Structure formats: C-alpha cells, structure tokens
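K.L.:
If you read the protein sequences in the order shown, they are chains G, H and E.
Each residue of the first sequence is one higher than the last, beginning at 15 in the numbering used here.
Each residue of the second sequence is one higher than the last, beginning at 34 in the numbering used here.
Each residue of the third sequence is one higher than the last, beginning at 51 in the numbering used here.
No lab work stands behind these hints: they were computed from the structure.
Being a predicted model, the structure only gives us computed values, none of them experimental.
Misleading hints may appear alongside valid ones.
Said to hold, decoys possible - Once the Cα atoms are required to be at most 20 Å apart in a straight line, the calculated SDA-like pairs of lysine to any residue come out as:
#1 E:Lys271 / G:Leu389
#2 H:Lys196 / G:Leu116
#3 G:Lys178 / G:Leu116
#4 G:Lys235 / G:Glu207
#5 G:Lys417 / G:Ala40
#6 G:Lys203 / G:Pro51
#7 G:Lys129 / G:Gln175
#8 E:Lys374 / E:Arg132
#9 E:Lys374 / H:Glu139
#10 H:Lys190 / G:Glu325
#11 G:Lys395 / E:Leu83
#12 E:Lys293 / G:Val328
#13 G:Lys203 / G:Gly52
#14 G:Lys335 / G:Gly353
#15 H:Lys331 / E:Leu83
#16 H:Lys196 / H:Val334
#17 H:Lys196 / G:Leu389
#18 E:Lys271 / G:Gln369
#19 H:Lys196 / G:Gly96
As the list claims (entries may be wrong) - One-sided excerpt, in silico: chain H residues whose CB lies under 10 Å from chain E:
#20 Thr87
#21 Ser191
#22 Thr193
Where a beta carbon is used, it is the ideal one built from N, C-alpha and C, also for glycine.
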Amino acid sequence: MVSSQDQGEPSLLSVRGLTKLFGTFAACDGIDLDIAPGEIHALLGENGAGKSTLVKMLFGVLQPTAGQILWQGQPVSIASPGQARSLGIGMVFQHFSLFEALTVGENIALSLDPKISLSRISDEAASLSKTYGLPLDPKMHVADLSVGERQRIEIVRALLQNPKLIILDEPTSVLTPQEADRLFETLFKLKAEGRSVLYISHRLDEVQRICDRATVLRHGKVTGVCDPRQETPASLARMMVGSDVAAVHREDLGTPGEVLLDVRSISFAPRTPFAVSLKNVSLNVRAGEVLAIAGVAGNGQGELFDVLSGEYPVADHDAIKIRGTSVGHTRINGRRLLGAGFVPEERHGHAAVAQMPLSDNLLLARAHSDRKAFLSGGFAKVIRHGAVRNAAARICQAMDVRKSGDDPAAGSLSGGNLQKFIVGRELDRQPAVLIVNQPTWGVDAGAASRIRQALIDLAKSGSAVVVISQDLDEIFEVATSIAVISEGKLSDAYPAGTLSLERIGLLMGGIHDSTQNTSHEASKAGEAAHAH
Amino acid sequence: MFEAILLTVMTAATPLVIAAMGELVAERSGVLNLGVEGMMIMGAVCAFATAHMTGSPYLGVLAGIGGGALFSLLFGFLTLTLVTNQVATGLALTILGLGVSGQLGESFVGLAGTKLQPITIPVLSDIPFIGRVLFAQDLIFYLSIALIIGVNWFLFKSRTGLKMRAIGDNHGSAHALGINVVRTRYLAVLFGGACAGLAGAQLSLVYTPQWVENMSAGRGWIALALVVFASWRPWRILAGGYLFGAVTIGQLHAQAFGVGIPSQFLSALPYAATIVVLVIISHNRRTTLINTPASLGKPFVPDR
Amino acid sequence: MRIELERRARASTAFAAISPLLALVLTLFFGGLMFWLMGKDPVATLHTFFIEPLFDVWSLHELVIKAAPLILIAVGLAICFRSNNWNIGAEGQFTMGAITGSILPVLMPEWHSPLLLPAMLIMGILGGALYAGVPALLKTRFNTNEILTSLMLVYIAQLFLDWLVRGPWRDPQGYNFPKTISFAPEAILPELLDSGRAHWAAVFAIVAAVALWFMMRFMLKGFEVSVLGQAERAGRFAGFSSKKMVWFALMLSGGLAGLAGISEVSGSIGHLQPSISPGYGFTAIIVAFLGRLNPIGIIASGLVLALTYLGGEAAQLSIGISDKVSRVFQGLLLFFVLSCDTLILYRIRLVFSGNKTEAGA
C-alpha cells in the first residue's frame, strides 16, 4: 500500500522513502508518511517496528541513511533537535529525557533559547500549564515527581516552543486510564488550535478513539494508511502484526489448591533516594492461580519484586512463606531451593548479563538450585560447562528462542527472544511459585503471547504465579485474580471477572477501599482522583 | 605569628583548591579524571622550566596552565573519543605524567627557582591584618578565589553551566535534547587540566620555588578527595582545601617544634585525614547518591 | 574531520589478540621518536633498551627477579579490576607485606628454623591482605571510594616503613644507615638456579597466575567475579554478595602484593630499608591491563614491563639517558593498550565534515 496523498490540503510534514540502517539491519525501510495540519495522526506498530527510529529522525536525534523529509512542502535536513524545534516540531519522549537532579524550570530551560531568562521561562510555563490543565511547580526537583507529572514537563516543554507539530511517543504507557483521559483532552485542545499531533502507540482502542488517520508500520515498512475509525481492532492488528497472533488460551484453571505463597503485611523502607517504600503489603497465591498486580510504573513494583525474590530480605522472618516455610530472612537462592523462580523486569544487567553467553546466563539463575547438575569438584565448585550448555540449548528449543550461533551473548538477542530465554530458564525447572515482573515489556507480539501462554500453562500444572504488569491487556489475558499497587500500597485481590477497567484505573490512582464500595463512593473517589 | 601561620596555610591550601575546582567541573559534566596528580606535576614542571628559562614567573604560570591542559587533552581523546575506561585512563595519565615530568625536569633538579612575587593591592592591603592576609598575595591566590566565584556562577547561573550539569546527570537525555555531550565534556576536561596545571605552577613557583621530582606528593589525589568532600559544590571546596592546608601546615609546625611524635607520623597526617574525611562524608549512602553526578564515569557513545 | 565509533555486532576476537601487540609496536615507535628527539639513534637505543638484556644470563635473572613481583601483584589486581573493585594501593600492600613478613627475622634474629621462611611468607601475605582489608572495610561499611583510600594508604605505609627503619628497627651496628639488620640465611628466599640470583618468587608468581587462571576459567568463584564486575544487580539476582566480593577481591590482591613484598625483601634485598620497590605496585596496574586482565596474559606482560625497568638501567649505563625513561615507556604503553582495546568493541571511522553521505555507511 502506498500513502494516500491528499490533493486538497498540503501536508505539514511529508516523508518520502525514509530509510535508516544500523549496520545491515534496516530499522526503517523506505517509509512514506504525510501529516496534515490540525490532525491527530497515529503511528501504529508493535515494539521493534521502527516507530521510535522514525520519530528520532524526524526530531534530528538520528540521521537518515536515505530518503527525504519535507516540511510544509520544502525539503529539509534535520541535523539536530535544535533545528527540529526551530522548524516547529516538538517532541515528548517515551523514556523521558528529563534530568532528575535539576528542577522543573531548569529542565524546561534546557530546550529553549538560552537568551530567555530562567524566571521568564518559569512564568510562561506556569501560565501554559494552566491553559492546558497541566499543573506544575517550576521549583520542584524532578526526582520528587510522579511519572505523570514528569510527562507534563515534557509536554509543557514542547508547547513552550509553540510547535506546529507535536510528536508523542507511547504517552499513555505510563498513565492510569484517568490520567490518559486528561491527556486526550489536552490533545484535542491542541488540535482545535490547528496544531498537528503525531501520536505513536500500539494501543488500538486509543488510536481509534482520538486519531484522524493512522500509518501502520511493521518491520520498518509502512503496511497501511487508514482512518482508524473505519477499521476494526482486528484489521488494525493484522496490519500491525502481519498475521493473526495466536490468541492466549485460558480455559478454566479449576479450583485453586493450597496456598503456595503467603505474604503478610510487609513494610519496607526505600533503599535509594528514588525508591518507593512498601506499606503493609499482603497477598497470597494458591496453586493454580495467576495473581496479576497492576499499577503505573514506579509505584513500588520493583521493590515488591526485590522483597519477594529475597534479593532484599525483610526483617520479619514469618512475613513471607513459600509452601508453608517462612523465608523472610532467606535470600534468593534459599527461596529457589524451596521451588520458587523469579523473572525481574530489567533484562540487561539484572535478569541477564548482556556480554555473557546464554549458557552463563543460565548459570546465573540456577547455579545454586541445580548445583548437582551444573557443578562438580566439591568445594572448588568447578562449572560443568558442557551440561550448562546443553541445558541452555534445551531451553532455547522449548521456548523457540531465535539466536545466531550456538551460544551467543545475551546482548545480541532481540528483546523478545532474550525474554523468552529468561522465562524459559525458570519454567525449565517447573517452579512451584513463579514471580514475574513485567513479563512482556518491550517484547514483540509473538513472543508476548508465547510467554503469556507459558505462564497460564504453568499455573494449570499446579503452580502459583504472580505477574506484576503495567499492561492491562496482559493482565486481563492471564490473571485469575487482580490486585493493584499504588504508592507502595497493594489493594485487595479481586477475582479477574469482577473488576472493570474503570475500577482498576481508580485503584491505580491510589483510591483504596477495602470495604464495600457503592457507586456513590466510587464516583466520589473518581472526583478525588481527578483533583489529584 | 598567627598571621604568618595563616599565610602558610593559605599557600598550602591554594593548589588543592584550584586543582579540586577543575576536577569538580569535569565531574559535574560526568567525567571522572583520576589523572589530576599527573596533570598537576606536568603543570609544575612546565611552569618551572619556562620561568627558569625566560626569567618570567608569569610566563611560567601560563606554561603551567598550558601544560596541564594539553596533557588533559590526551585523557579526553581516550575517554571521550575512544571511550576507554575512565578509571584506568586516569591512572595511566598519572603514571605517564610522573614519568614524563621526571624526564623533562631532570636538568632542572637543584636549580634555584623564580618565585612568583606577591601583588599588593593598594589601599585594601593597608587594612590591618585582613589587608596583609587577603590583599598582599600572589597572582595564583587571587586566581583561586576568582575560580570559586566564577565556577559557582558558571554552574548555577549560566546556561552552559546548566547544560553541563544536565550532561552530568543524564548524558542520554542531554544528547536527545540536542546538547553536544562530547564537546562539552572535552571543554570540562580541558578546564580541569588547566586548573591542575595552574595548581602545579603554584607548587613550583610559590609553595617551594624549585623543581623536585614527584613534588606534587599526592596533592592531586587529595584534590580528588576534596571534590567528594565538597559534595560537588564549589564553596565547600574552599572550606575543605583550607582544612587540609591547615592540617599540612600544622603537622609541619609540630615537626619543627618537636612534639615528641615521630615526624613520619606527622607527615602521614594529611593522608590519614583524607581517609577520615572521606569516611565521614560518604557513610550516608543516601546523600552520596543524591549528590554524585549520576553519569559520573559512565561511557557515552552517541548513536547517529 | 572527526572520529566516530561504531559498535561491532560482537567483540572482535582478532583485535582482542592483536591489541596488546599493536600497543607494544606503537609504544616502541613513539619511544624511538622520543629518543630521536633527544638526539640519540633511535634504533640503537631501542636495541640497548629492549634487546640486549635478553642475551645475557645475568640480565635474564634480573628480568625474572623484576617480573616476579609484577606478575604476583598484577594477577591479584586483575581479579580485583574484573570484579569492578579498584585497588590502586598495591604499592602500600606490598610495603606492609614486607614489613609484617620481616617481623620474625628482625625481632627474633636468634630463631633459626626451617619453619622461619614459611612463617615469614604467611605473615607477609596476611599483612598485605589485612592492609587491603582497610579499604574493603571502609567501602563495605562506610561506602567510601576504595580508589582514594587505598592510594592514601600507600603514602602511610611508606612513611611507616621509613619510621621503622630509621627508628625502632634500625640496625644498631649499621653505621646509622636507615636499614634493619641483615636477615639470617634461613630467612632468605633460596635461589632457583646456580647461574644467577633469580629466586622462588618467580615460582610463586607462576603458581598464582595458573591458579587464578583456573579459577576464572572453570570455577564458580571466577564466574561470580565476572558477573559482579559486569552487572552488580545481576550478581545479586544470582545470589552473589557484592560486599563479600569487595573483601575477597581486595584481600586476595592485597595478600598477593604482600607476598611479593616479603619475597622481594627476603629474596632480593636481605633487609628492610626505606625504599624497597621501584614502584612495582603501580607498574603492576599496567601489567594487568597489558595482560588484558587475564592471568596467563599477565605472565607475558609482566616480563615485558620488567624489561622496561632493565632496559632503563642498561640505557642509563651505556647511553647516558635517565632511567626515568622507563616510566615514560610504561605510561605510554598503558595509554596505547587502553586505546587499542577500543578496537575490540568498536569499529573506528574517520568522518570528514561536510561529507554527509558517509554517515551510516
């Protein structure tokens, strides 16, 4: 399919045959794109489709290998973000380009004309944030702000330059549904002022809701241009993924068995200045259950994982029980010996060492729990490299890990393949309790559905599974019960069928009510969330 | 008597303050340069040689600054362009600096130096006590004070300083915003080298106006410790530098008076004090984490 | 024109092997250039510096004597650096090992026993290890940077040695020279061969290098070192303790430096004096990097660096250039090693400004 060229209105931004090669790999391959003035244009595609590379070229962070960018009909070369800004392009990054140690005002000043004084910037930022309903205090340090507030800085920073085009990269991935609604209101205001928005997302419902047109990318190529409202989610998904992704099968998992993981009111002080403290967290998971813990990033998910894995033991030995044994003081390897397995959020540098081969990365998680198989030589603990390599190959086969070479470095694998290996590394030993943090973050759709299916299958075989996730679609796919974490507090767990999206959104915003909730209370809570 | 001691303390503190100031700027931009000792000794030998050959201590000062800066460029090229390990490269710079300075300075050993004379500021120097202490000093002392004020203004008031702090906090984001990370860091490293060179010039032109091999005697390392001590804030460098100057001079006087403690133990005092101070400053992991520039010592390769 | 780096898809094994050699060649080239600038014949001088010592039995022994402490210290440092602990105070641990190892021969000169030498060596190891334990304690307990503390302790150890040999341990019959009494024959590390002075320290060095190579290559401990060095958080996930690693790495390298110290005093000098090392502890840092932090590679690089010391002495005698030249050589070598290592992970490209088509090629 070739992009449609609207004859009537000239495009604000046009892209012709834009290509970016990294070595021999084409992250973007001959992309055409047209954005009309005053439209909200979606750039759809799953992870790794080339969306981020494309917008980085539009914003001058990356330089294209080939192709042309036309701005208001004129060919331009955008050598730097500064140049992009002077053309009238503003950008809100997915991974915020903010500076924690600096104040909000200083952060904003960094992207503006150096001649403007800091105090004037603060004033303008304040008035702008009022106009668009994005409250901000210029004197606050970014380190002290929530993720939603940080996004506001990015937006205000982009707006201060009075841009004609604003690019937002996956803006709602860090927001509660309610916060997302407010963002959409802001976007509609911008549209009404005649500005264009390039909205990058992989969430179909959002795109259908707010976007006038969509360009779909797959493997670096444009696979379709359409009006998303005329399409069905299925047809959009097909353009994004290429084929229908295997749906995750979750038959009734049967009645849950005995409690395998029991956590009673843990509190945990933050270890670093930027961490969240856990407050009185309790949960229990039975055999055959998948407990999903929803929540916006940075609300204590990492800290909860640290405590459950035993990387940071807690003071009260009886507060955590795995299969009935108290493990509060037990470290991660002791918990593994009891049959627990763990998958951390961060692949590089936590779950795996990028520079090391897969076999060494297998050893990383299992040297202790499988020491009979992998170590010999008694006290000297000599590694049986052959046995480790065989096991790694077995896991790669079981999880369909695509790799180049026999035992490549973990860093050379794509995110999805490495994640399959990391999950497979735990599944390989049939853990009785599996705790997974963000299992499919940054993973392509094929790998994601395979991983989700594996989690469900594990529960079906009688294990207890905890899935900590930001992705609500994923949560509804795998969970038998759902709890929500917010500011280090964990809500009660509800059976998956009984919880609406709206209700989860309220819980994510920090509205807890472990007592019964009436509709009246819920609406009051909704107002409170709004005011917050 | 007190005035004389205070003056010697100031002379001992000045090179520490200057070198630490330079390193502070480099570290604020995210570069950990452990080569301060090497740059300082290069500055010392260049300054001494130039002053000796031309007879002008002021040309010596310039040569010291230039020597330190040129030498730091070597570090910059390796760590910023070739992205080598900053710790190892800094050590290499120190080792090379001690070697090259020994080689260059060989023919100057034992020669009389050219001392940088004090510049007496009229009127102000007539103020009792304060006048003689603060306004009848040599050029390098005045420069050290100007440096603190200047660096403080630069980092916290100027836009380039803001960019530099931003790079030190998060070089990836800075790059995404279009700030030239590598160029800014080169400038910071050069500034650090120039300051270390100036500190070296002070050693061989003011503190002990002669050339002695290894005459920096660990001051470069103490300057590095001072930056940690100061939590990367310019004014605290002044306090820390004078504290160390006082310890150094105090132990010298104690040796002269013969307090019954072996001289070696007294000589070890500044080094022991450095350790103690570092322990006190860094024992609170939380505040250390907040103060340390987050990208300090981390390699940066821009993707294009 | 500017230089750009492009990350290789995988580390280049070819450059990993070539890079130390390339660094050597570059060092020799620039060394020659330096001699030429000094008005000497570069080829002849380099010959005197690096080739002549290899054709003489006496200097081959000297080479081994100088290489032994360098290798002993460097293999320990290699483990330390690989675990991301930056002990740069090996010179101090060397000095402390020499002091603690000398307690018996200096204070109990009447004790003649075959146990004396082993006891001295063990005390030397303990002295070095405990001295390195100070920065380990400060790092684990007080979060204090080990680079600065270990370095400060070098100055303190040297001043302490100075005080001992000028004060309480001074040989009363030593004509007021700052030295201790000469060690009894039982306290002297025996020579290996009849042909020269090379002593048992060389054997210790080889054994230590091979043992640590085995540990790094085959044992879980070696794996732990690499994991914690590359990704501390992944190490915690594997159940390894980074605090214990700080202790292990520092005390291992300190112990080996201590062994080098007492071996040097017992085998080469025969008494304590204010200066017992031509900077072995610092030069060993270069040895470790030139050997690519691999214990077997360090055996080779230790010999190379020992040669720079020897060449410096030879050049001073026969050509009349200062032996400080060896320090310059050592510094240059480390610089080139570090630069050449960039080639292992990156492809280097020259970009001429204004030439846009080149970008991304």
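K.L.:
Hint by hint, say whether it matches the structure.
P.N.:
Comparing the hints with the structure gives:
In summary, the hint linking Lys271 (chain E) to Leu389 (chain G) is supported, as the alpha carbons are separated by about 11 Å, within the 20 Å threshold. This hinted pair checks out: Lys196 (chain H) and Leu116 (chain G) have alpha carbons roughly 10 Å apart, not beyond 20 Å. Restraint check: the Cα-Cα separation between Lys178 (chain G) and Leu116 (chain G) comes to about 28 Å, which exceeds 20 Å; the hinted pair is violated. Proximity of Lys235 (chain G) to Glu207 (chain G) is assessed by CA-CA distance (about 32 Å); at most 20 Å being required, the pair is judged violated.
Restraint check for Lys417 (chain G) and Ala40 (chain G): satisfied, since their Cα atoms lie roughly 18 Å apart, inside the 20 Å limit. Taken as a hint, the Lys203 (chain G) and Pro51 (chain G) pair is honoured in the structure, with Cα atoms around 14 Å apart against an allowance of 20 Å. Taken as a hint, the Lys129 (chain G) and Gln175 (chain G) pair is honoured in the structure, with Cα atoms around 14 Å apart against an allowance of 20 Å. Restraint check for Lys374 (chain E) and Arg132 (chain E): the C-alpha separation of about 30 Å exceeds 20 Å, so the hint is violated.
Using a Cα cut-off of 20 Å, the hinted pair Lys374 (chain E) and Glu139 (chain H) holds, with the two alpha carbons roughly 9 Å apart. Only pairs whose Cα atoms come within 20 Å are accepted, and Lys190 (chain H) paired with Glu325 (chain G) is rejected, the gap being roughly 43 Å. For the suggested pair Lys395 (chain G) and Leu83 (chain E), the alpha carbons sit about 51 Å apart, so the restraint of at most 20 Å is broken. Taking the CA atoms of Lys293 (chain E) and Val328 (chain G), the gap is near 18 Å; set against the 20 Å cutoff, the hint holds.
For the suggested pair Lys203 (chain G) and Gly52 (chain G), the alpha carbons sit about 11 Å apart, so the restraint of at most 20 Å is met. The suggested pairing of Lys335 (chain G) with Gly353 (chain G) holds, with an alpha-carbon distance near 12 Å, which does not exceed 20 Å. For the proposed pair Lys331 (chain H) and Leu83 (chain E), the alpha carbon gap of about 34 Å is over 20 Å, so the pair is violated. The hinted pair formed by Lys196 (chain H) and Val334 (chain H) meets the criterion: a straight-line CA distance of about 18 Å does not exceed 20 Å.
With a CA separation close to 51 Å, the supplied pair Lys196 (chain H) and Leu389 (chain G) exceeds the 20 Å bound. As the CA atoms of Lys271 (chain E) and Gln369 (chain G) are separated by approximately 18 Å, the hinted pair is consistent with the 20 Å bound. A distance of roughly 14 Å separates the Cα atoms of Lys196 (chain H) and Gly96 (chain G); the hinted pair therefore holds under the 20 Å criterion. At its closest, the beta carbon of Thr87 (chain H) sits 21 Å from a beta carbon of chain E; the interface hint therefore is violated under the 10 Å criterion.
A cut of 10 Å between beta carbons decides the hint on Ser191 (chain H): the least distance to chain E is about 26 Å, and the hint is violated. Of the supplied interface hints, the one on Thr193 (chain H) is violated, with its beta-carbon coming no nearer than about 21 Å to a beta-carbon of chain E, more than 10 Å.
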